[in-house]
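Please dock the two separately framed chains into a single complex, following the hints provided.
Spelled out from the first residue to the last, the chains are:
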Amino acid sequence: MMKQSIVVVKNLRKLYDGKPAVDGISFEVKEGEIFGILGPNGAGKTTTLECLETLRAIDGGSATIAGIDVEKDPQAIKRLIGVQPQSPAFQDKTKLKEVIELFAAAYGEKVDAMKFLDDVELGEKANAYVEQLSGGQKQRLSITTALVHGPKVFFLDEPTTGLDPQARRHLWELIEDIRKKGVSVIMTTHYMDEAEILCDRIAVMDAGKIVALDTPKNLIKNLLKKGFTKEQHVEQANLEDVFIDLTGKALRD
Amino acid sequence: MQLPRSLYTVAVFTKISSRRFFRDRLSIFFGILFPLIFLFVFGGIFGKSSGTSFHLALINDSKSPVATQFVESLKKQKSLKIDVNQYSLDDATQKMVRSQLDAAVVLPKDFGNVVDGQQLPTGQAKVYYTQNNAQAGQTLSAILGGVFQSMNRALTGAAEPFTVKGEQVNKNSLTQFDYTFAGLLGFSLLGIGIFGPINVFPELKKQGILRRLSTTPLRVWQYFTSTAISQCFIGLISIAIMFGVAATVFDLKVMGNVFVLAAFIIFGIVQILGIGLAIGGWAKNERQAAPLSNIIVFPMMFLSGTFFPRFLMPQFLQTISNYLPLTPVIDGIRYIVNEGYTLGQLGPQLLLMAAWTIVVYFVAFRLFRWE
Numbered sequence: 652m653m654k655q656s657i658v659v660v661k662n663l664r665k666l667y668d669g670k671p672a673v674d675g676i677s678f679e680v681k682e683g684e685i686f687g688i689l690g691p692n693g694a695g696k697t698t699t700l701e702c703l704e705t706l707r708a709i710d711g712g713s714a715t716i717a718g719i720d721v722e723k724d725p726q727a728i729k730r731l732i733g734v735q736p737q738s739p740a741f742q743d744k745t746k747l748k749e750v751i752e753l754f755a756a757a758y759g760e761k762v763d764a765m766k767f768l769d770d771v772e773l774g775e776k777a778n779a780y781v782e783q784l785s786g787g788q789k790q791r792l793s794i795t796t797a798l799v800h801g802p803k804v805f806f807l808d809e810p811t812t813g814l815d816p817q818a819r820r821h822l823w824e825l826i827e828d829i830r831k832k833g834v835s836v837i838m839t840t841h842y843m844d845e846a847e848i849l850c851d852r853i854a855v856m857d858a859g860k861i862v863a864l865d866t867p868k869n870l871i872k873n874l875l876k877k878g879f880t881k882e883q884h885v886e887q888a889n890l891e892d893v894f895i896d897l898t899g900k901a902l903r904d
Numbered sequence: 098m099q100l101p102r103s104l105y106t107v108a109v110f111t112k113i114s115s116r117r118f119f120r121d122r123l124s125i126f127f128g129i130l131f132p133l134i135f136l137f138v139f140g141g142i143f144g145k146s147s148g149t150s151f152h153l154a155l156i157n158d159s160k161s162p163v164a165t166q167f168v169e170s171l172k173k174q175k176s177l178k179i180d181v182n183q184y185s186l187d188d189a190t191q192k193m194v195r196s197q198l199d200a201a202v203v204l205p206k207d208f209g210n211v212v213d214g215q216q217l218p219t220g221q222a223k224v225y226y227t228q229n230n231a232q233a234g235q236t237l238s239a240i241l242g243g244v245f246q247s248m249n250r251a252l253t254g255a256a257e258p259f260t261v262k263g264e265q266v267n268k269n270s271l272t273q274f275d276y277t278f279a280g281l282l283g284f285s286l287l288g289i290g291i292f293g294p295i296n297v298f299p300e301l302k303k304q305g306i307l308r309r310l311s312t313t314p315l316r317v318w319q320y321f322t323s324t325a326i327s328q329c330f331i332g333l334i335s336i337a338i339m340f341g342v343a344a345t346v347f348d349l350k351v352m353g354n355v356f357v358l359a360a361f362i363i364f365g366i367v368q369i370l371g372i373g374l375a376i377g378g379w380a381k382n383e384r385q386a387a388p389l390s391n392i393i394v395f396p397m398m399f400l401s402g403t404f405f406p407r408f409l410m411p412q413f414l415q416t417i418s419n420y421l422p423l424t425p426v427i428d429g430i431r432y433i434v435n436e437g438y439t440l441g442q443l444g445p446q447l448l449l450m451a452a453w454t455i456v457v458y459f460v461a462f463r464l465f466r467w468e
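Read top to bottom, the protein sequences are chains A and B. Residue 765 in the numbering used here sits at position 114 of the first sequence, with consecutive numbering throughout. Residue 181 in the numbering used here sits at position 84 of the second sequence, with consecutive numbering throughout.
Here chain B stands alone, though its shape is the one from the complex (with noise of 0.2 Å):
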């Protein structure tokens, strides 16, 4: 089958500047090593969350078998990170100040020992807090009788008759990882479709490469078209590299549809591409395409849930941010990713991306310069 002449000169262009991203060590760099930086960084902050959720001192001054037995419950507490006799209490102090520790515990001489005219050891646990770490002290305080309570029960033997037991019930809530990694894809969406085309065309007008192409029949739409198929091309390569990573090394867990997500990707990518196209194209040099695309890419960046959650936000800036072209992409994403949305569900994104895509190409192709 032979492709119709102007399909030909795509697919030609396609192919070359395909190429050419991969001789180029830097492009590599920035378009598939730097968002592995930005995974690593985010992954070692986020990532693996180990369920900690109070880091303490214990300070032991006791030799008590029942110190000793309620040590090793306190371990056993999946969410309490324990230092045991590493420091002193000022030191401990010290580090709450810091925030480096929520709450110190000291176990006193006498705790556990059998006082004259008991038949039971006995003792008392202090828990120190800083009025930052309040919430902590009164929460590790509520842990710390939970496992006082069992003690005593095993020493007493008397039965309860109210009790509290937690079961966890939803299997698939998403960890704080699952979140940032949408964000993180977005981000470096950001760079393929936007950050590409305006460091890249200014200085091919510079040396008058654009001039040159543009004595020949050459279209704006065959430069557009060929230059969007190796961006989706090399932006998917970069974005399974992402996936493979935060699969196997931070235990990302993909719920929807490859090939949904992979469809969804591509038409992010074509849709911030229109940014890039639009700024790039317009712009001379890089003194007019550097300001102008930082007034547009940082909103994007700040607003759209690349790095932080947008319900953390401000109602109106929700609002704005929910208007923005990269919102739906990330949404979408988040959607596909931990909650296995099928492209059906996603009409409200998929329709603002459609209307971003109109707008940003209706631009980019009024605004194209050849020099």
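Looking at chain A on its own, in the form it has when it is part of the complex (with noise of 0.2 Å):
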């Protein structure tokens, strides 16, 4: 049976100052897929998040969640997703369980602070202030409090920038575990190992549209089909392989 779409969007349009950034894009996401948007800098990729995220107005189209209209009742969509910022910050001189309240306490629920700190091996942390984190640990701590009430929709901007390939390896397990919940995540990445391996389906976006969306295997038959050769190295390892058997696939923080 075809899982149904959660996330639909028709010709989404955002201008900023008249000119397109986001210009007349299509796709839909299934209900517990991981979808990537893959693109150069200025491609539009964060903006259309911004737009399905209820931060910025859509100047044309549509976008809906889960059959409601992200424009219409911004309210409801608020309910339905989760938001993980390029770079989470927190005020300081707050307790990380006192993070967790705060956010559940935005969408007025009440949670066990714990059991959503020990989701992402902070549990021992509950007492710290959150300047006390690294920053694969405040990456941690911004995905579970975008998770306190249940959302149906993820959404991540290139949540993996700026980390070690410890702490990327265990968000990409993180992922995966939130996509086993059956949470749909729609996520933001530079890296292409990354899409390749978490995401489901791709769309590439280039100046505002949208130039291929299809899972990564079927876009590299495709370019292969297309005569596309490259050098060929067989190797077996590569230096990040290396580099993880140097060091260990444990965390550091």
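Simulated from the structure, these hints should not be mistaken for laboratory data. You may find that some hints are simply not true.
20 Å max Cα-Cα, derived EDC-like pairs, lysine to aspartate or glutamate [as the list claims (entries may be wrong)]:
(1) B:Lys303 x A:Glu847
(2) A:Lys872 x A:Glu847
(3) B:Lys112 x A:Asp668
(4) A:Lys860 x A:Asp668
Printed below as a string of structure tokens:
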């Protein structure tokens, strides 16, 4: 059985000073899918996310999440989505468990903060202040705050930028776990390996338009069909494999 | 009893932002200690008025018992601070030029001696004063005249048909400190209500913290309300400490009801905070917030009676300052503290504050930006 589409975007347009940042794009994201948006800087990836996250007004076309129009009922949309910003920040002098309490309260809910901290291996730090966290720990805290209300769609904007290989791999596992709970994930990234490993389908954006949309395998297959060849290297490992072999997979914070 | 969901949100935000305040040394310094420093500075200047109105040097060159008696009776005058034989006349004149002394009194060598052919001692005290201190000099001459008169009377035993006696009638007249204190409270309200949000909000925007919150269902009114409650809570603590210090160290007397005062101050904080929320909520960064807040805060700081009494201003400035948001707050605090007014007697102040509250919150809600 085909899974239902939870996010439906049709001809979405967003103008900045009269110039289109997002120029009539359409795509659908299915339930429990990890959907990647790739593209160079300025392609419109972040703007697309921001329109879906109710942060930006939509200038043309439409977007719905679980059948609800993003433009018409942003308040209802906010209850359905979780948002991980590019560089997560928290007010200092706040304890980790208070951060969870705070975000849950923003949805009018009371949750077991420890459970959400344990989910991202931050249980031991429950009483630490946010300013004592490393970059990777902040990312994980931010992810768990975005899940306190049980969203249906989870947006991540370049989640692994600036993380070390261990923290990246750990984050990939986390994102996989979130998907296993039935949450749809929409993420942007600059890392092709990340997109290839994580994403079920990928939209490649350039200059505000989607120039390709398919599974990673099909995208590669299509390129090869066009007669693309690359100098053949038969390497059984790459430098990252060496790095992980030397330093281990365990998370460093 | 269970709070409605939307109020539960407000409660949690209030609780955590109040806790954060007390964990941050810098915010405790600026919120609580900084106003106290001002209190001690101004209390030191205006507090504990000793009643001294003249500071004079007395140069006694005479060794007669009458001269000694005169010096003693002069020392009993409450309004005089006297340095006896501490300087030469030249030194004293220097000090008068520098306004460190108001006048110098010299008792010459022959003061109080019995001149040949007379039965009673005689003498003439000389009062020196500079041009600037003419009034002080004349008043002093009159005081000395009074002292001599009673000495003369004691010597001659003659009855005086006409006398004058001064008597104090108004027991509760304001000391300068009482007056200054309400202004200081007004100043610290500016700190709590305006400098807090205009420093914090642009920083939260820069880090994207407010933006992240805006992807949750959190409403602006919930955010404002929790900010207002925690600022009132912190403000009341800070102000209570100021009152405690003013009462114990500087003998401040609160005539009015403490609960009336607290309620009035809470209203004042809420009103002034509206201005801070409007500026901080609108500004995208510190560069926008700083100049705007200066334009708005400085007139209030100088015209609303914080540091300078309004009655000293020219009429047109008084008229303008009558309508500034901080003026009714300071006036009201002054009326409650110094004259024991109840809320019912503060109609004009409360009305003006209510009008400003509506205006500033209307603007604040209109201009608020999450990023």
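Does the structure break any of the earlier hints, and which numbers would those be? 1 and 3
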